[in-house]
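K.L.:
Sequence:
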Amino acid sequence: MTPVIADKKIVLFDGVCNLCNASVQFILRQDQQEQFLFGSLQGNAGQAYLKKYQLPASSFNSFMLVEGDRLYTKSGAALRMLKHLGGAWSLLYGFIIVPRPLRDAVYNFIARKRYAWFGKRDACWLPSPELKKRFLD
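Numbering-wise, the numbering used here comes out as the position in the sequence shown, counting from 1, plus 345.
None of these hints come from the bench; they were simulated from the model.
Do not rely on the hints blindly, as some may be mistaken.
Cross-link-like lysine to aspartate or glutamate pairs, in silico, DMTMM-like; alpha carbons within 20 Å at most [claimed, not checked]:
hint	residue 1	residue 2
1	397	379
2	353	449
3	428	482
Simulated DEER-style distance windows between Cβ atoms [stated by the list, open to error]:
hint	residue 1	residue 2	range
4	396	442	14 to 24 Å
5	432	367	12 to 22 Å
6	370	404	35 to 45 Å
7	474	443	14 to 24 Å
8	446	379	14 to 24 Å
9	478	451	16 to 26 Å
10	465	402	33 to 43 Å
11	397	433	27 to 37 Å
Note that CB positions come from ideal geometry on N, CA and C, so glycine has one too.
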């Protein structure tokens with residue numbers, strides 16, 4: 346069963362990807378309202394969300410954002426996350442006008458190269474004790 350967290354947005358990410366982990370750390374620094382919670386796609390919560398949205402259990406090539414009962418993936422998820430961060434970051438949401446197939450083609454290219462360009466960890470990044478409350482498992 347997937348966790349239901351009222352008024353929180355759930356960021357699901359590849360826990361062994363260095364780029365993904367850097368993205369999570371960026372969001373943690375920028376998210377002053379603590380509106381985002383996080384779960385690695387390899388973890389129990391991530392696997393539950395993959396099952397809920399009928400996605401393959403080994404589908405770790407997309408940044409995912411869950412808002413309420415709605416799942417956003419790839420460029421749509423990244424742009425919505427930036428919009429919710431507010432400030433100057435929300436201006437990047439303007440790229441939503443670019444047709445999704447084009448946005449996602451760029452996203453897919455980066456996703457395919459991310460391990461080669463940024464590396465891969467042997468295990469998921471572990472948050473500090475003060476950040477642990479922001480992680481689902």
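K.L.:
Hint says 14 to 24 Å; check whether the CB-CB distance for residue 446 and residue 379 agrees.
P.N.:
34 Å Cβ-Cβ, so the 14 to 24 Å window is violated.
K.L.:
Is it true that the C-beta distance of residue 474 to residue 443 lies inside 14 to 24 Å, as the hint says?
P.N.:
40 Å, violated
K.L.:
Do residue 465 and residue 402 keep their Cβ atoms within the hinted range of 33 to 43 Å?
P.N.:
Violated, at about 19 Å.
K.L.:
For residue 397 and residue 379, compute the direct alpha-carbon distance and say whether it is at most 20 Å.
P.N.:
At roughly 24 Å apart (the allowed maximum being 20 Å), residue 379 and residue 397 break the hint.
K.L.:
Range first: 12 to 22 Å. Now tell me if the beta carbons of residue 432 and residue 367 are that far apart.
P.N.:
Since the Cβ atoms of residue 432 and residue 367 sit about 19 Å apart, the hinted range of 12 to 22 Å holds.
K.L.:
Cβ-Cβ distance between residue 478 and residue 451: within 16 to 26 Å?
P.N.:
34 Å, violated
K.L.:
Please test the hint of 27 to 37 Å on the beta carbon pair from residue 397 and residue 433.
P.N.:
With Cβ atoms ~33 Å apart, the hint holds.
K.L.:
Given the hinted pair residue 353 and residue 449, is their Cα-Cα distance within 20 Å?
P.N.:
25 Å, violated
K.L.:
Could one say that the CB atoms of residue 370 and residue 404 fall in the range 35 to 45 Å?
P.N.:
23 Å, violated
K.L.:
CB of residue 396 to CB of residue 442, is that within 14 to 24 Å?
P.N.:
At 33 Å between Cβs, range violated.
K.L.:
Residue 428 and residue 482: Cα distance at most 20 Å?
P.N.:
25 Å, violated
The structure shown violates the earlier hints numbered 1, 2, 3, 4, 6, 7, 8, 9 and 10.
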